[in-house]
Amino acid sequence: MMNASFRLWLTADVTTTPWQARLQRAYFGWRRLCGNRLTMLGLAVLLFLVMVAALAPLIAPEGYDAQSLADRLAAPSAAHWFGTDDLGRDVLARMVYGTRVTLMIACLVAVIAAPLGLLVGTAAGYFGGWVDTVLMRINDVFLSFPGLILALGFVAALGPGIRNSVIAIALTAWPPIARLARAETLTLRNADYIAAVRIQGGSALRIILHHVVPMCLPSVVVRITLAMAGIIITAAGLGFLGLGAQPPMPEWGSMLSSGRAHLSGAWWISAVPGIAIVMTSLAFNLLGDGLRDVLDPRSDS
Amino acid sequence: MHLSILKAVARQASSVSTTLLGLLALTFFMGRMLPIDPVLSIVGDQADQSTYDMVHRQLGLDKPLYVQFFLYIRSMLSGDFGNALFTGHRVADDLMKVFPATVELATFAIIIGVGIGVPLGIVAAVYRGSVIDHFARVVGLLGYSSPAFWLGLMGLILFYATLGWVGGPGRLDVGFMDSVGTHTGFTTIDALWEGDMEVFWNAVSHLVLPGSILGYGSMAYISRMTRSFMLEQMAQEYIVAARVKGLSGWAVIRRHAFRNILVQLVTVIALAYAFLLEGAVLTETVFAWPGFGHYLVAGLLAGDMNAVLACVLIVGIIFVGLNLITDLLYRLLDPRTR
Amino acid sequence: MTAQLVVEDLRVRFHTARRVVEAVRGVSFTVGREKVGIVGESGSGKSMTGRAILRLSPPQARVTAKTLQFQEIDLLASTERQMLKVRGRRISMIMQDPKFALDPVMRVGHQIAEAIPADRRGSRAQDRERVLAMLDSVHIRDPKRVFELYPHEVSGGMGQRIMIAMMLMPEPSLLIADEPTSALDVTVRMRVLAILDELAAQRDLGLIFISHDLNLVASFCDRVLIMYAGRIVEECKASELAHAQHPYTRGLLASLPRVGDTRARLPVLTRDPAWLSS
Numbered sequence: 001m002m003n004a005s006f007r008l009w010l011t012a013d014v015t016t017t018p019w020q021a022r023l024q025r026a027y028f029g030w031r032r033l034c035g036n037r038l039t040m041l042g043l044a045v046l047l048f049l050v051m052v053a054a055l056a057p058l059i060a061p062e063g064y065d066a067q068s069l070a071d072r073l074a075a076p077s078a079a080h081w082f083g084t085d086d087l088g089r090d091v092l093a094r095m096v097y098g099t100r101v102t103l104m105i106a107c108l109v110a111v112i113a114a115p116l117g118l119l120v121g122t123a124a125g126y127f128g129g130w131v132d133t134v135l136m137r138i139n140d141v142f143l144s145f146p147g148l149i150l151a152l153g154f155v156a157a158l159g160p161g162i163r164n165s166v167i168a169i170a171l172t173a174w175p176p177i178a179r180l181a182r183a184e185t186l187t188l189r190n191a192d193y194i195a196a197v198r199i200q201g202g203s204a205l206r207i208i209l210h211h212v213v214p215m216c217l218p219s220v221v222v223r224i225t226l227a228m229a230g231i232i233i234t235a236a237g238l239g240f241l242g243l244g245a246q247p248p249m250p251e252w253g254s255m256l257s258s259g260r261a262h263l264s265g266a267w268w269i270s271a272v273p274g275i276a277i278v279m280t281s282l283a284f285n286l287l288g289d290g291l292r293d294v295l296d297p298r299s300d301s
Numbered sequence: 302m303h304l305s306i307l308k309a310v311a312r313q314a315s316s317v318s319t320t321l322l323g324l325l326a327l328t329f330f331m332g333r334m335l336p337i338d339p340v341l342s343i344v345g346d347q348a349d350q351s352t353y354d355m356v357h358r359q360l361g362l363d364k365p366l367y368v369q370f371f372l373y374i375r376s377m378l379s380g381d382f383g384n385a386l387f388t389g390h391r392v393a394d395d396l397m398k399v400f401p402a403t404v405e406l407a408t409f410a411i412i413i414g415v416g417i418g419v420p421l422g423i424v425a426a427v428y429r430g431s432v433i434d435h436f437a438r439v440v441g442l443l444g445y446s447s448p449a450f451w452l453g454l455m456g457l458i459l460f461y462a463t464l465g466w467v468g469g470p471g472r473l474d475v476g477f478m479d480s481v482g483t484h485t486g487f488t489t490i491d492a493l494w495e496g497d498m499e500v501f502w503n504a505v506s507h508l509v510l511p512g513s514i515l516g517y518g519s520m521a522y523i524s525r526m527t528r529s530f531m532l533e534q535m536a537q538e539y540i541v542a543a544r545v546k547g548l549s550g551w552a553v554i555r556r557h558a559f560r561n562i563l564v565q566l567v568t569v570i571a572l573a574y575a576f577l578l579e580g581a582v583l584t585e586t587v588f589a590w591p592g593f594g595h596y597l598v599a600g601l602l603a604g605d606m607n608a609v610l611a612c613v614l615i616v617g618i619i620f621v622g623l624n625l626i627t628d629l630l631y632r633l634l635d636p637r638t639r
Numbered sequence: 640m641t642a643q644l645v646v647e648d649l650r651v652r653f654h655t656a657r658r659v660v661e662a663v664r665g666v667s668f669t670v671g672r673e674k675v676g677i678v679g680e681s682g683s684g685k686s687m688t689g690r691a692i693l694r695l696s697p698p699q700a701r702v703t704a705k706t707l708q709f710q711e712i713d714l715l716a717s718t719e720r721q722m723l724k725v726r727g728r729r730i731s732m733i734m735q736d737p738k739f740a741l742d743p744v745m746r747v748g749h750q751i752a753e754a755i756p757a758d759r760r761g762s763r764a765q766d767r768e769r770v771l772a773m774l775d776s777v778h779i780r781d782p783k784r785v786f787e788l789y790p791h792e793v794s795g796g797m798g799q800r801i802m803i804a805m806m807l808m809p810e811p812s813l814l815i816a817d818e819p820t821s822a823l824d825v826t827v828r829m830r831v832l833a834i835l836d837e838l839a840a841q842r843d844l845g846l847i848f849i850s851h852d853l854n855l856v857a858s859f860c861d862r863v864l865i866m867y868a869g870r871i872v873e874e875c876k877a878s879e880l881a882h883a884q885h886p887y888t889r890g891l892l893a894s895l896p897r898v899g900d901t902r903a904r905l906p907v908l909t910r911d912p913a914w915l916s917s
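Protein chains in written order, with my numbering: chain R, 1 to 301; chain W, 302 to 639; chain A, 640 to 917.
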């Protein structure tokens, strides 16, 4: 499948350019990742979900809000694979569009929390002194709350809605990243090559962005992937309480909640979204575990 | 030795108070982020300007921000969390009433978490790579990945509605409510106190499902950490030395490896207990369990900022307190830190 | 001298995902009531040999041998239960660094008492007396105070003496010393060795002294075995070390500085790949 000379270049014992070295490392890391079957399972599930989200209009052309009160609370059948809910909407269609919502929340939270955490953590670790103390005190304050409770507090203050729940969850997700980044920065701060860049006149910003952050990236990536599992559950929790995506937008957590009234009769309305949440969270956990074995092997066994 | 412990406590206390101050600042700030005007929510939008101004002054909103913050701290420290608009009582009184229910749930859960999690973790470490290890890992993974409130719903369908093995939502069957007095606030203990076995078993049947589901989550975390700690110790030289002395494998685990993980385990258990507060929020909602989490959600849905912020603050204080306790325990239990 | 321990063609293999690594490749020797030194560099397999005798190799290791016999016991064929009676009571081992080889959360006195075999235990007071006597025999000056200490509270030399006390408590007839002085300061080293010498003579012990220090082993032991890449390349009496045959040994001896040396440069040992397959 791979061009023979390209493969030779990729697996050569002696590298000639930094790019070749980086690509080699990535390639061998990828090979090791592939060897871990559970991790591949997690990755496959996630890719499947991305595909479902992308192809939603094709899979469920009727949209997520096609009500048909005559068909309400129908059990799973050939026409409705996952049955219908209390307004006669096809549960499968709502699940498929709900995938978009879930993945979007996950991505947005990651995109907000990771850079924020990296910035705060590396700044605290690099500058030390009162910058470190102040930033870490703030960090400690945020860390003193379990994720859901803090998110609930923020949502209470900001009001319900998807945008606010994303902000709320992101505010609970950045502290562990900052703490991790700071720990990594502290070990790097006194390295000789950092001193060398400083002597050459590199500004603090340049050192942090070009040298410190890349070293922190592997463990941050692992941490964020593993955190995704919890973020999905927190988002579902907010949706369950009606604080996330507002109706009629489909969100797995709120779908779970709407099924509560019909638990003994139409159990599928609550069961199916829950299974999806478990699957997604599990996939992130498996992927994160595998990434940790490849990128950050010294933590945990 | 005592002086050094005192000094350490003093240092901890000062860092803890700054954290607490930060907690208060955060909740104060959250309270001010409201998109709703708090005066309007009290007087309604039909009130005239003078009523509005009066309430505005009463709430202290005309004073500068830092004065408001200072007044806020003062009232928080004296336990005055304001009034819960949706119950009509003082928040502090409400909290006293609902906390025991959550503690009962959390204690049951932690007993399961530790009772199953620790032995499972030890066995998984000793027989690393075996079927038990993989089983423990799978069970643990599912525990992290499953939302407790969904497990609650599924559990209710299966074990309550279909099989009838356990009691349903609430702490007691409707018929038994108020049949025992409130001595400790723990329905199970109160029933035992009065010798009413029927109520006791009913309370237990209601406690089992939500407690087990919360316990499952704790168990997943505790067993994984126990396994990790045990593997770390088992790779140490003193374990080989103990075997050289002629001790059997399990004697070595019991007398050496396990005793060395106790300190870390205590920290993990305290953390797990704190996480139970988080899990309780939605589980109590699903099971209509009249505890702290249920109160928080009810206050949230009613838009009662006093109640919500007080709850958030209390959780923060509990977390910080637990951290402090584990630090002290660390110092007491590990001879190397003295 | 009758041999207590007979080792013939001992091999220790590790099966990794890609290939089989042989840490010990067919080692044969005997040990009587004498002091035998095993010298080698890191990776020569000397520690693995010591652990294999006690069947304490890492779990991934596979140990095979034509003969692995201690007195009347076939060590290779013994089950784990049978080995429990061998370890401590018949063969014991002292390890390199007491900082890591002693349980950090247990007082040293209790750790030594733990080494008393179950059938020889008495009351707590009696066991305590025996421990104190043992601490005395390794020349620890205040045994009562030291009994109550934790491992992190004792110095390196004292820690090693405690380890010796602990491992000789069950009264073995063969003692394996795995780099016992490598983690100690030079001055402390001599004292610990003196204690080891005294006890070995008193109790008529067989001693296997594993080290990377050729000089030390030559001065301390009766016989010397040189290991390289998992094999024994030389075996001779310590007194005849200067007449060693194998080029590796000659290279080692040549690279050691000597008082009164007239050489301007110390020769660096050149490794002949032929040694790997001798």
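Rather than coming from a laboratory, the hints here were simulated on the basis of the structure.
Glycine included, every Cβ here is placed at the ideal spot set by N, Cα and C.
Any given hint could be a false lead.
Stated by the list, open to error - Just some of the chain A residues that point at chain W, by a computed CB distance under 7 angstroms:
no., residue
1, L695
2, G727
3, M732
4, F739
5, A740
6, V872
Unchecked claim - Computed footprint of chain W on chain R; a stretch qualifies when at least three of its residues, placed anywhere within it, have a C-beta under 8 angstroms from a C-beta of chain W:
no., stretch
7, 14-25
8, 65-71
9, 210-219
10, 263-269
Numbered hints the structure breaks, given as an ascending list: 6, 7, 8 and 9
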